[in-house]
Amino acid sequence: MSGWRRAACVAAWLCCWGLAALLPPAARAAQDEPVQALRMARIQAVIDGRPQDWRTVPLPYHWDRLHRNHGGRAVVEARFDLPGGPSAQPYTLYFPLIGNAAAVWLNGKLLVRYGDLDAAGRDDYGKIARQVAVPPALLAAHNLLRIELRADGGRRGGLSEIYIGPTEQVQAHPAARAGALRYAGSLFLGAFSLVVGFIALMCWASQRVADADGRLRRETLYLWAGLAELCWSVRVFDALIEHPPLAWPLWGVLMTGTYAGWVGGVLLFCHRAAGWEHRRSMRFMQAAAGVLVAAGLVCSALSFAWFRPVLLTGWLGAVNLCAALYALVYMAATLRRPTTARVLLAAAGVLNVAVGVRDWVTIRLGNDLGAVTWNRYVSIAFGLALLYIVLRRFQQASGQARELLGTLQARVAAREQELASTYGRLEAAAREQARNHERERILRDMHDGVGSHISAAIRQLQSGRSTSDEVLRTLRDSMDQLKLSIDAMQLPPGDVQALLAGLRYRLEPRLAGAGLALEWAVQELPPWPGLDAQAMRQLQFLLFEAISNVLQHAHARVLRLEADAGPGGLAIRIVDDGCGFDAGRAPRALQVRAASLGARLGVRSAPGRTEVAFTLPAA
Amino acid sequence: MERMPPIDARPPAEAWGVLAVEDDLRARAFFESSVRACAGLRWLAGLGSVAEALAWLQGAPQRPDVLLVDLGLPDGSGVEVIRAVRARCPDCEPLVVSVFGDEESVLASIEAGAVGYLHKDSAPEDIAQTILEVKRGASPISPMIARRVLAKYRSLRAAEPGAAPPEQAADVVPSLLSVREQEVLTLIARGFSYAEIARLKGLSVHTVQTHIKNLYGKLAVHSKNEAVFEATRLGLL
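So the protein lines, in turn, are chains A and B.
So in this note's numbering the end of the first sequence lands on 685, straight run, no missing numbers.
So in this note's numbering the end of the second sequence lands on 238, straight run, no missing numbers.
For reference, chain A alone in the conformation it holds in the complex (with noise of 0.2 Å):
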């Protein structure tokens, strides 16, 4: 199963990282002079304000418990010898564990401060090894160490085992590699949570996602997962921070606060990374979340308040014991629907689970007074886990997003496809159309123009009773009705004055063949709107009607071509001085081509001028 496979492998990276941590490093070259231990010592402690008795002690001198939680001071002596009397290279005491506040003095003199001696409950030196350089001439065959301690209630004060020999040997002795490795260890896990917090809560602030029913939720994964590393952050800090801002045993609660945020935080995470958020269990799993971080705060204060650490082992039993619950239910539920999340979390919980007795038993349980809590190694395991989570999220949303957007490039090109051949369509159509158009148009002119000269040329030659004049005058009005035709083609829509231009220069043989002289009168026009190809067409035909009529019939010697613009319209009037006819009876066809236009049609006839006027009227 890929979940499977794909846990196996990021948890066979995680221990090759984990054992090369955890790995003492080879051992240094062969000693010259031991390092001594010291493990026995005198002391003598005030309670309260009241002395002791001197008394010779075993070391570690486990505060806590030979005081019963109350804070106090004490007046450690230890004496070692040096056989050979000291050597000249330097010399280094080691202290695992001193504190929480300390003064060393060795042979009178004072070696280190560590705090303030009176202060209670504020400086805290006893959470990490200390080392004191020695210089050889202090020290002597027989010496005195004589240490001045200040413990707080329950802050796991006292004085450890002491290693005093040559500094090399003294910094590549077991214990203070152990010393070195947790402090380092500390700085490292503390800035790695901080920074996996931190990342956690930004993706939470930063982002939504849809959720089942539509709607856009933080992803509160992140939030739980956020929240648990501060937590931690702040917990494994805590052992470089010699100066808390809170006194004891207040700044006690507030680490057991944090402790608990992660824990509960963990918990949370785990669960919703499980993908069970809609679950009636997540509620549960909230409200219990909240139960143990509010039981670890007042047990803890009441622990200290009434001087009794059971109620704060208790307490951390207790979360032991609910975690484990939980790693079972989660490991099992793992077993049957494994996912890569689930199996990375379940085998993180358990090894946190398994540490996590394992460090409450040695310390809480334990008289071990330098251990160190394992968790905060192991504890990695879940920002791990988390990192896992949210790079493959992302790999998952940048693959959905090349989907996406290879969908959305297909369909934009099938859409564009899809307007292109509408497009094609629509502008075949519309050639068509305008084939369509063209084609009536010449049919329409042809059946007006030139066909209807040439079947009355054929009419007249049938008939036998007309001249070759008048079979010659409908043929060259054929000719002229051709070539206006094709004027026409080219004539712009609207541009009356190139149509009486070219009509002129068409008909001017024709009137000078007929004796007959033409007075040009025709005002500068504008471009008139509204007129058409066809209109203009329209046109020609009326004005060559009108001229033929009276190249015909009227037997005139003048004719006046007159056309001016205003606001009445455009006018255009043929004048002769001819015979005239009866202005009642204008030329039928006159009247349907003026009506078709638009135009009105005005006659006036008198033996001497005839006057036939269009007015176009003003658009």
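In case anyone wonders, no lab produced these hints; they're calculated from the structure.
Check each hint, because a few of them may be wrong.
To list a few chain B residues with every Cβ distance to chain A over 10 Å, as calculated [stated by the list, open to error]:
#1 53
#2 137
#3 180
Here are the computed lysine-lysine pairs in the DSBU-like style, where the Cα-Cα straight-line distance is at most 35 Å [to be verified]:
#4 B:153 / B:219
#5 A:549 / B:121
#6 B:136 / A:549
#7 A:549 / B:153
#8 A:549 / B:219
No residue lacks a Cβ here, since even glycine has one placed at the ideal position from N, Cα and C.
Fit chain B to the supplied structure of chain A, relying on the hints for placement.
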């Protein structure tokens, strides 16, 4: 179109030699009879194709004074004949034979170097008359063609700044039309006859006709310049 009064018959020796290249035999016969009927004109030959025309020019027994040419010949365009004639005898004036005198064909022939055009359906005496008028310095132009020339001139002017290389623009456009030519063209486009224009502008009819004929020459030169310019632009020259 303004008609000139009929001119006096000239002695045949001084009559203008007319060469016709027209594949339509009836039209050719019609031209021949029209020319032969006119004392001022001399019929040289009637040919039916570009090849025949080029061969005839090669032999060149006489130089033609006037060339009547159809643009659509069976083996090529009349434009080739116009070029060959213009190269051989620069004084010869080509007239294009057109059925309709429509803008497209007339403009194309003018740009090829023709100085005018004849309508196929003209009366025989009008054919001779037009040829004689052309030899006396006239050139026919229709209002439609005048309008097209003006439009072309205006578009050239509009494209002038920066469009063409400076030396080309300075060379071609200003020399295309003088102010007077532009006025005359505008009036022709409005439908006025040469005589009316002469009256309106205080010119002689002959001056108006000269303007038009010059214009034809300019159009031909301009189209040649345009071709050179285009060829230069395309890297052919």
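Outcome of the hint check:
Once the 10 Å rule is applied to beta carbons, residue 53 of chain B is consistent with being away from chain A; the minimum gap is 29 Å. Listed as outside the interface, residue 137 of chain B is consistent with that label: its C-beta sits roughly 19 Å from the nearest C-beta of chain A, beyond the 10 Å cut-off. With a minimum CB-CB distance of about 18 Å to chain A, residue 180 of chain B clears the 10 Å threshold, and the non-interface call stands. Note on residue 153 of chain B and residue 219 of chain B: the hinted pairing holds, with a Cα-Cα distance of about 13 Å set against a maximum of 35 Å.
Restraint check for residue 549 of chain A and residue 121 of chain B: satisfied, since their Cα atoms lie roughly 12 Å apart, inside the 35 Å limit. With a C-alpha separation of about 27 Å, the suggested pair residue 136 of chain B and residue 549 of chain A falls inside the 35 Å cut-off, and the hint holds. Restraint check: the Cα-Cα separation between residue 549 of chain A and residue 153 of chain B comes to about 23 Å, which is no more than 35 Å; the hinted pair holds. Only pairs whose Cα atoms come within 35 Å are accepted, and residue 549 of chain A paired with residue 219 of chain B is accepted, the gap being roughly 27 Å.
Consistency with the previously given hints is maintained throughout, with no hint failing.
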